[in-house]
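**Student:** Chains as they are written, first to last, in my numbering: chain A, 21 to 505; chain B, 21 to 505; chain C, 1266 to 1718; chain D, 1266 to 1718.
Source of the hints: derived by calculation from the structure; they are not laboratory data. Values in this document were obtained by computation on a predicted structure and should not be read as measured data. Treat the hints loosely; a few may be bogus.
[Stated by the list, open to error] Selected chain C positions facing chain B (Cβ under 10 Å, derived; list incomplete): (1) Pro1274; (2) Glu1312; (3) Arg1320; (4) Ser1327; (5) Thr1442; (6) Asp1489; (7) Gly1574; (8) Val1576; (9) Val1608.
Using N, Cα and C, we set each Cβ at its ideal position, and we do this for glycine too.
Listed here are the chains, written in short residue letters.
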Amino acid sequence: MVEPLIYDLGAPGRRGVAFPEPDVPLADLPAAHLRSELPLPEVGELEALRHFTRLSQLNHSILTGFYPLGSCTMKYNPVINEDTARFAGFAHAHPLQPIEMVQGSLAIMYHLQEWLKEISSFAAVSLQPAAGAQGELAGVMMIRAYHADRGDSKRNKILIPDSAHGTNPATSSMSGYRVVEIKSDPRGNVDLEALKSECDETLAGLMLTNPNTLGLFEEHVEQVIAAVHGAGGLVYGDGANMNALLGICRPGDLGFDVLHINLHKTFTTPHGGGGPGSGPVCVAEHLVDFLPGPISGVVIEPTEGDAPVYGWVMPKKSIGRLKAFHGQFGMHVRAFTYILMQGAEGLRAVSEYAVLNANYLKEKLKGFYHLPYDRTCMHEMVLEGRWPDAPGVRALDIAKRLMDFGFHPPTNYFPLIVHDALMIEPTETEDKATLDAFVAAMLQIAEEAHSNPELLHGAPHTTKYGRMDEVRAARQLVLCCDFRS
Amino acid sequence: MVEPLIYDLGAPGRRGVAFPEPDVPLADLPAAHLRSELPLPEVGELEALRHFTRLSQLNHSILTGFYPLGSCTMKYNPVINEDTARFAGFAHAHPLQPIEMVQGSLAIMYHLQEWLKEISSFAAVSLQPAAGAQGELAGVMMIRAYHADRGDSKRNKILIPDSAHGTNPATSSMSGYRVVEIKSDPRGNVDLEALKSECDETLAGLMLTNPNTLGLFEEHVEQVIAAVHGAGGLVYGDGANMNALLGICRPGDLGFDVLHINLHKTFTTPHGGGGPGSGPVCVAEHLVDFLPGPISGVVIEPTEGDAPVYGWVMPKKSIGRLKAFHGQFGMHVRAFTYILMQGAEGLRAVSEYAVLNANYLKEKLKGFYHLPYDRTCMHEMVLEGRWPDAPGVRALDIAKRLMDFGFHPPTNYFPLIVHDALMIEPTETEDKATLDAFVAAMLQIAEEAHSNPELLHGAPHTTKYGRMDEVRAARQLVLCCDFRS
Amino acid sequence: MSYAGSFIPHTEAEREEMLKAAGAGSLSDLFMDVPAKHRFPKLNLPEPLTEMEARGELESISAANESTNEVLSFLGAGAYSHYVPAGVDTILRRGEYYTAYTPYQPEISQGTLQAIFEYQSLIVALTGMDASNASHYDGATALAEAINMSRVIHRGERRKVILSPGLNPQYRATVHTYEQGFDTTLVGEDSDLNAAPDALIELIDEQTGIVCVAYPDFFGRIYDYSNLAAAAHAKGALLAISVNPTALGLLKTPGEMGADIVTGEGQPLGIPLSFGGPYLGILATKQDYVRSLAGRLVGETVDSKGQRGYVLTLSTREQHIKRERASSNICTNQGLMMLAATVYLSLLGKQGLKQVAESCYHKAHYAADAIGKLKGYKLKFPDIPFFHEFIMESPLAAAELNRRLLEHGIIGGYDLSLDYAALKNCSLLAVTEVTSKEEVDFLVETLAEVSRG
Amino acid sequence: MSYAGSFIPHTEAEREEMLKAAGAGSLSDLFMDVPAKHRFPKLNLPEPLTEMEARGELESISAANESTNEVLSFLGAGAYSHYVPAGVDTILRRGEYYTAYTPYQPEISQGTLQAIFEYQSLIVALTGMDASNASHYDGATALAEAINMSRVIHRGERRKVILSPGLNPQYRATVHTYEQGFDTTLVGEDSDLNAAPDALIELIDEQTGIVCVAYPDFFGRIYDYSNLAAAAHAKGALLAISVNPTALGLLKTPGEMGADIVTGEGQPLGIPLSFGGPYLGILATKQDYVRSLAGRLVGETVDSKGQRGYVLTLSTREQHIKRERASSNICTNQGLMMLAATVYLSLLGKQGLKQVAESCYHKAHYAADAIGKLKGYKLKFPDIPFFHEFIMESPLAAAELNRRLLEHGIIGGYDLSLDYAALKNCSLLAVTEVTSKEEVDFLVETLAEVSRG
Ligand SMILES: Cc1ncc(COP(=O)(O)O)c(C=O)c1O
Ligand SMILES: Cc1ncc(COP(=O)(O)O)c(C=O)c1O
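Take these sequences, add in the hints, and give me the full structure.
**Tutor:** Given below as structure tokens:
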């Protein structure tokens, strides 16, 4: 019994939630503009809620199990955040209300900006980007604007390490740049020679993820940055991996020019089954004027004892706005709540334990799975999901088999520079017992891969759904149901 | 993998939710009175919430499926109720606040009382009883107080039909009465002759459920009541089955002297996995002074244009209080919200459709299951869960097998007067498609009972847990875990 | 159906089809058994509202309250303001819990059943008893049931019950209600409030079934009941102790003191004040008396696949099996509140509950110290250890004092003169972890000010 | 770990054991790769708070807002007050939804995947397109993506984009930002506001990639874009329509009018105002352009047991596969907001959405009628059909008018002079189903009064 589609439920004429009849005299409807039919579901309230409740139970989630999805920082999303973000004063604030009426919201944004500046060591922050990728877009556009502002118009390429997340090259193209890929060296760092050979007068910048997607701290980070700066380029930091760096090392101190932070990773705003995220972008002094805006700022300095008045400030040479209104405000409240509870002490502990958990897993697993870069890792690490002596087994099989043990699989087939990559990020909110259970499952699977590969090919076995035919989905494309029948 | 117990989780020294250190100077603790150890769990916040989230998924519930548990009125519990009952003004009201500060709460209780009076046709209502059984207790004690007040002290027995719910006789004993059981007649009514033969000067009263637990409206209800009244007794109405009577017939009009209503059945307050309920008790004029109290009343009549002032009123000869404070106030808010959305029109429809659904099921099933009382039923009906030609199969087997189809079984082995009773109450909030699916399952099971009884004995098959060994639980009694280890 | 607030899914076509199947021409036809003259009464109720309208209406009614979220409060007296972690309601809001009923069918109710088993274990751990039921209505009814249990245990003999005056007056009133049908002698309530509970000892005799005391008592006082237990046991009587579970985060267990039955109000364990309910009755006892315990019990067992699981057990005690011979009539209990307490205790755990208990203790003592030094005010029992509540004797009647405090935005303590003639000008103040030092200071300043005025 | 707000479960003993296993002597040892001089900076942040303290802090910050729940508001301009049935947040609060991520692993993500498939179906039904993505950031970025799509569809040719002045100014600003890296010619924004959209027709030429309009437009006006669509298609250009989905409960679909791409802001579908986000970008298109669509797509398939199921599909469009050749860089989208819209549309259904749309329409017209009759006020476009927003021209500057309205407890409309030089003294008023007749009457009376003062 699979759960029917919402359109398969209901009955013609059935009503869901009702609304009051208008209490005003009725106006004439604009006959020429009316639609002839409105093919929406006709289900009852219980029917609808039962449907979505049942569906929910088909999901793996952080609240139901371990979710070591590398690069995604699937850590505990504190339930208190879900309360604070819904406080009436926040939930019902219209984004265009006069600033005097929304000092609470503006204060949240202002302080969050200040805290992110402190954490990352940058001069200014815009909370506008909707997600990491939009933070990247903002960053790369600021790089463009910076060069343009200096009359430097020949810079048309962005360098991107081969280990980078797909959004980095995609962002660069969307910003109108040419992308040049830079190889990694045998220790998983940017290959310095390869980098230097591209550091010329056409260089707009480099997008660097540190720790990189192998979970490794870039050992020559300062040299890399120096090389780019030396050629007149700027360095963009992909801060998706900030969960390794809180109180450990500030990207601004390392010389990055601009960085985005994923609130939905490091700062516990929930992933929501795909989003919303929030990707604040932080910049060094020389890029402050280019930030997307408006930004929450102090518009009237506090006179003694009073609070300041916050309002909207548009950076002087802003690249403009990235979306309507002021960013994913509900996520700002959540991140604010989280930082408030952590403080400096807590944030450092977050990264320390995230890194401890990853290294613990690494050490427990590396004898059984090939670890291509055997160094102290940061918050995550990448194994190979294949063995020379188990030729039929691939990372995908391991991933699916993990489901039988109640675990969400690691990210697989990324980063691209590791064959059959299994990218494992445990996060600091998982306890040792959970990690030990995961290790036990991984070892059992490694054994099965050799002794009983069919078990892996057929996995998952214990889940309600078996392996999905993804090829068929793409070939016989069905993207919506036939709601007219 | 079964879910571990909360005590099996955690680690020594692990902390859950933290509280602030006291901001006051510390006082000396009373050394002689301190406990030496506090053996509570030591689990993290994510660990705890994951545990209770996972556990929840092991429950069948109204929000996940059909739940035709007879006598329990498992209908949709509107989610709006869950919001209104938690509004800050309600959730944070202390029960002992001065009445001027809690006019909102008192108004809720006052109007709910008024509405219940109107719905049931009684002179007054106390919302104090915590559940149906406590409403019964209040009612029977009022009967005692009434007789005592009249100096009538020889009345020491309560009559109870053999179809009655177990709380009725238990309540009577708890009130110090002797219980005499009255047989049912072949049409499922109270046997009038048997009743009359017990109507003597020792009769304190009769507890009558109407519609009774067979789902049948008592055909001689007025004669039954007249017989009891004729002997000087009072008639208690068990209003657990009010879902059949809203706007259909008012117990007060029929001559009942006292009645309890289960807000957690008829008025959609959720059953909470076993409670809380709420069992308001309604009385006719001659019992008003005996009600348990205090009760919300108008203490200052409204002067023109103003609202009245509500306060606490203690009935003159009250049997006293039944519990601390004022009853299950959170349930009052929910029932209030529900009635507000239904109005008179809606309440009548509720009962009409509840009865329609039950009769629909009855007609669809009665060819396949023995229907001992073949009359138009009210909101529920009782089938026999056995067949002469399938001797090994019992109601329990049918119940367990229904789980394989995703349904909660009907109440079984109650009422006691039907062999292998299956007591089915669909409620008005279930749609035809659900009923049809249930019918299909029931028919298939009837067929399997004859063709493949083993399938039923082994059921359930598709649930995470198989049949539980209840005998072992009672024999090798383990009522708590070993939290010291 | 299409009136404003309808949750009835039937379309007209479905209704007609179903009526036909049911052999009825119309909905009214289904009600022919109802005496015609009483059929289809017109109900005088407000017009039905949509959800949007109902929410608006309830919002304004709720706003008509001025509750403890808006006004500083020192009310306790059986219901306490505590911080409830967000995780508690997160779990309570899950439909799988709150829209299920009593777990009669264990195969599809393991969520509720295991939660109850965990609750039972937690209560046993807190109280030092051997077994807990799955919940009772509240602290008052749990006490009444303890007395009921004592009657069952003593097979109807021993009709004297000793109630300490230090029990919550509402609990005592409830006991009086419950005992109406029996010729029980209730004694002890008028004992001297200053005499230690040992004074109850002299009331114990061979007719005594049970002695009931509170811990801390209604006035917040902490007594060791070991002697009382010994004295009761010596005469064959039972000892029931009504507890505040928060205090058990700090204090010696009733079990250690020799209690036979522990009752209590579980509201402090994660349940909002909610104007007095729904709350949670705690009822636990020793192994010997398990079969006389009222209410549901969950026991461990295994399923047909050999998996550990939980079921309702010993139901032969209960009304649905034993009917008039059941030990109690309780059926629906406080399931969801039991879950709240279970989640609360799990989230706080060993360290958290202790922290809360200590915080309550220190703050109440800070307040009492300051008030004890105020001109015109004094503490009623300055030498007896107390937990988070204490009696303040003030220069004016508590009612008048509270009126004046309220003018300054403070809800004062409970006016004890309402229940105790001896406690003129006395109010019972509660201070918990949610009250800050500044708020206590504000109370103290205001007390000083209003006593002048 | 034991600082106030810690969610780190490790005990000291566990930490030591794990450090040992990891071959590190201390936590600091794990960070030797970090340049020493930048290692372990001291962060200047407030001291950590417990949950109880943090909630208190956030409560007071929230209370510093005076939001539309407390003050009557006629603001719209892209974000609308609507009643959200309780069922929506009931579902959104389920941890299984909100703590999952992009459903990369379909076998254990069918909840999210099926919900997306249902969302795609609902958007197709509402808009008359053939396919919808799984969500975009918001209405503004969805429009920017439509232009991006057009570039992909036209393989980088046709660098002229026509933007109607009736598009939300913030959306147009967003498009300008997105187009910075390309030599796109953006035209049309300064067209005459009084000229029907047909006036845009003359701007369309062989260089035109896409024409973008709003429906209803930013001023609430309803136009039939069929001619515009035909004109665009005649020149090989695309037509994108940015919609308000509530209006589609009533109005002809963009599909019927010939749109190639539909974008829109999904906030009105059950998403709270929340100071501007998170909202929901709607992005749908015709079959021909599906492979150029940005963002996630879910398609139907079967699993190994033959059960119908859903998976992410056509991911070769996306950044994680195609990298610099992807049609967009979007990765994380607005999943939970998509779920809100799906639940909202399911709960309201065919009848409910129509009811809401009609209610908005009637109330806005009631307000406009009354205002149109007020001395000194007039409607800017009295003869053009509108939905639930309209321009009021007042006798004084909108900023000053709004200041005065606020003194009477009313948040006035959006001040259009901020974006349109031609719209002096004009404000944009929105009226939805949550506003009562009395409230509109109060606005009208107040308008009369403040224009005198
Ligand atoms: C390393 C890295 N960079 C960038 C991103 C993009 O962030 P978002 O998905 O929020 O757009 C991600 C997230 O998936 C990431 O892991
Ligand atoms: C007919 C009948 N009477 C009385 C009761 C007792 O009500 P409660 O469980 O609320 O105490 C019930 C409920 O189970 C019942 O079905």
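**Student:** Less than 10 Å between beta-carbons is the criterion; does Val1608 (chain C) satisfy it with respect to chain B?
**Tutor:** For Val1608 (chain C), the interface hint holds, since the closest Cβ of chain B sits about 6 Å away, which is under 10 Å.
**Student:** Holds or violated: Ser1327 (chain C) as interface residue toward chain B, Cβ cutoff 10 Å?
**Tutor:** Holds. Min distance 3 Å.
**Student:** With chain B as the partner, please determine if Pro1274 (chain C) meets the hint condition of a C-beta pair closer than 10 Å.
**Tutor:** holds, 4 Å
**Student:** Holds or violated: Val1576 (chain C) as interface residue toward chain B, Cβ cutoff 10 Å?
**Tutor:** Hint holds; Val1576 (chain C) Cβ to chain B Cβ min 5 Å, cut 10 Å.
**Student:** Once the shortest beta carbon distance from Gly1574 (chain C) to chain B is found, is it less than 10 Å?
**Tutor:** With a closest approach of 5 Å, the Gly1574 (chain C) hint holds.
**Student:** Given Asp1489 (chain C) as an interface hint, is the shortest Cβ-Cβ distance to chain B below 10 Å?
**Tutor:** Since chain B brings a Cβ to about 6 Å from Asp1489 (chain C), closer than 10 Å, the hint holds.
**Student:** Against chain B, with CB atoms and a cut of 10 Å, does the hint on Thr1442 (chain C) hold up?
**Tutor:** Holds, because the Cβ-Cβ distance from Thr1442 (chain C) to chain B comes to roughly 4 Å (cut-off 10 Å).
**Student:** Does Glu1312 (chain C) pass the interface hint, meaning its C-beta sits closer than 10 Å to a C-beta of chain B?
**Tutor:** holds, 5 Å
**Student:** Return the status of the interface hint for Arg1320 (chain C): holds when the least beta-carbon distance to chain B is below 10 Å, violated otherwise.
**Tutor:** holds, 6 Å
Every hint, counting from the list given before, is met by this structure.
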